[in-house]
Amino acid sequence: MIKSKNRQSNRILYIQYTNPAIYPPLEHSSRILAQADWEVLFLGTGASGGDALRFPPHPHITVYQIPFCQPGWRQKLHYMRYCIWVLIAVLRWQPQWVYASDFLVCPIALILTFLPGIKVIYHEHDSPSTKANSLFINWCLQAREKLARRAKFRILPNQQRADLFDKELNNNQHSLCVWNCPSKQAVFHPNILNDKDELWLWYHGSIVPTQLPSIIIKALAQLPENVKLRIAGYETIGHRGYVKELQTLANKIGIGDRIQYVGTLSKRSELLEWCSKCDIGLSLFIKPTREPMTGASNKPFDYLACGLPLVVSDLPDWQQMYVEPGYGLSCNPED
2 MIKSKNRQSN RILYIQYTNP AIYPPLEHSS RILAQADWEV LFLGTGASGG DALRFPPHPH
62 ITVYQIPFCQ PGWRQKLHYM RYCIWVLIAV LRWQPQWVYA SDFLVCPIAL ILTFLPGIKV
122 IYHEHDSPST KANSLFINWC LQAREKLARR AKFRILPNQQ RADLFDKELN NNQHSLCVWN
182 CPSKQAVFHP NILNDKDELW LWYHGSIVPT QLPSIIIKAL AQLPENVKLR IAGYETIGHR
242 GYVKELQTLA NKIGIGDRIQ YVGTLSKRSE LLEWCSKCDI GLSLFIKPTR EPMTGASNKP
302 FDYLACGLPL VVSDLPDWQQ MYVEPGYGLS CNPED
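Residue numbers for the sequence shown follow my numbering, beginning at 2 and rising by one.
Worth flagging that the hints you see were computed from the coordinates, not collected in a lab. By construction, the Cβ of each residue, glycine as well, lies at the ideal position given by its N, Cα and C atoms. Any given hint could turn out to be false.
[Stated by the list, open to error] Listed next, with one range per pair, are the computed distances between beta-carbon atoms: (1) SER207 to ASP258: 34 to 40 Å; (2) SER130 to SER215: 23 to 29 Å; (3) LEU136 to ALA37: 39 to 45 Å; (4) TRP74 to ALA222: 42 to 48 Å; (5) GLN161 to PRO326: 16 to 22 Å; (6) ARG55 to ALA222: 31 to 37 Å; (7) PRO60 to LEU200: 39 to 45 Å.
[Stated by the list, open to error] Here are the computed lysine to aspartate or glutamate pairs in the EDC-like style, where the Cα-Cα straight-line distance is at most 16 Å: (8) LYS132 to GLU169; (9) LYS219 to GLU246; (10) LYS229 to GLU271; (11) LYS153 to ASP167; (12) LYS185 to ASP280; (13) LYS219 to ASP336; (14) LYS229 to GLU199; (15) LYS168 to GLU146; (16) LYS278 to ASP198; (17) LYS229 to ASP198; (18) LYS229 to ASP280; (19) LYS147 to GLU169; (20) LYS278 to GLU199; (21) LYS268 to ASP52; (22) LYS132 to GLU146; (23) LYS219 to ASP258; (24) LYS219 to GLU335; (25) LYS219 to ASP198; (26) LYS245 to ASP258.
Construct the complete structure from the given sequences, taking the supplied hints into account.
This is the structure in structure tokens:
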């Protein structure tokens with residue numbers, strides 16, 4: 002139950018119509034505030050494939066979630082329930098700030114900007130398509146446009162996206178660009194090749210064809226036998242069974258013993274510990290998927306924090322940011 006707090010304490014409410022632990026920047030920002038004695042409350046939901054993800058405990062951070070609901074008419078009721086829940090929480094808990102970090106919460110976040118004493122931050126991790134394919138998405142897009150003008154701060158993880166956001170929405174108050182970097186506490190010592198002289202490639206994140214294409218498995222078969230691949234993450238609702246598909250392909254071409262899926266790791270500390278045991282990090286987005294992604298994708302920053310050199314997509318912005326300074330190499334993930 003959400004109880005009212007001492008009015009003298011600093012309070013911030015994070016709202017996401019998904020599992021907030023999916024987004025590392027939410028963990029980082031909330032812990033920065035909590036360590037400064039802010040009271041932090043998260044209101045989220047479950048997530049298909051990502052339900053196991055959790056924030057590490059902190060005495061000043063509380064997370065409440067309602068279960069995930071499959072798409073359909075029930076999800077519409079589920080969404081309304083969530084919005085009402087958020088509104089009641091704001092009225093009872095009375096935070097000074099609301100941190101809206103999901104495109105789908107724009108309607109309720111917009112409403113909250115009209116409440117006295119409430120300041121809203123809008124953080125857009127993944128920029129939506131401006132072409133609505135339903136009345137609901139169109140409603141969210143309209144709310145997003147209005148929220149862009151009323152929010153106290155607007156944060157995007159990439160300067161090109163921030164500029165495009167301001168241009169598309171006629172936002173005269175320039176948005177802030179904040180990269181999705183790991184915290185200093187997340188930095189691990191780099192791995193040293195083990196006695197077996199194995200070289201482990203590493204990928205973590207959502208396991209979908211556009212981010213972990215099957216051609217990587219085929220390319221692995223052409224490399225020496227000591228080169229292997231570890232994968233950690235979760236399947237999304239549109240790509241159930243993709244991990245099994247990759248494993249089946251690996252078995253078919255005779256390299257099944259060189260692929261290791263470590264599962265969905267609930268804590269980022271566990272994820273980064275596994276990452277630090279590997280040697281090269283893969284971040285191969287198939288273009289034109291979700292461009293531009295430099296600064297927005299936390300993968301390269303996570304890999305570098307664990308001492309891993311990178312193999313990234315051969316996109317101009319990726320080459321400029323990661324290849325030219327010497328952090329890794331690039332290739333065409335579709336070749």
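May I ask which of the numbered hints given earlier this structure violates, with the numbers listed in increasing order?
1, 10, 12 and 25
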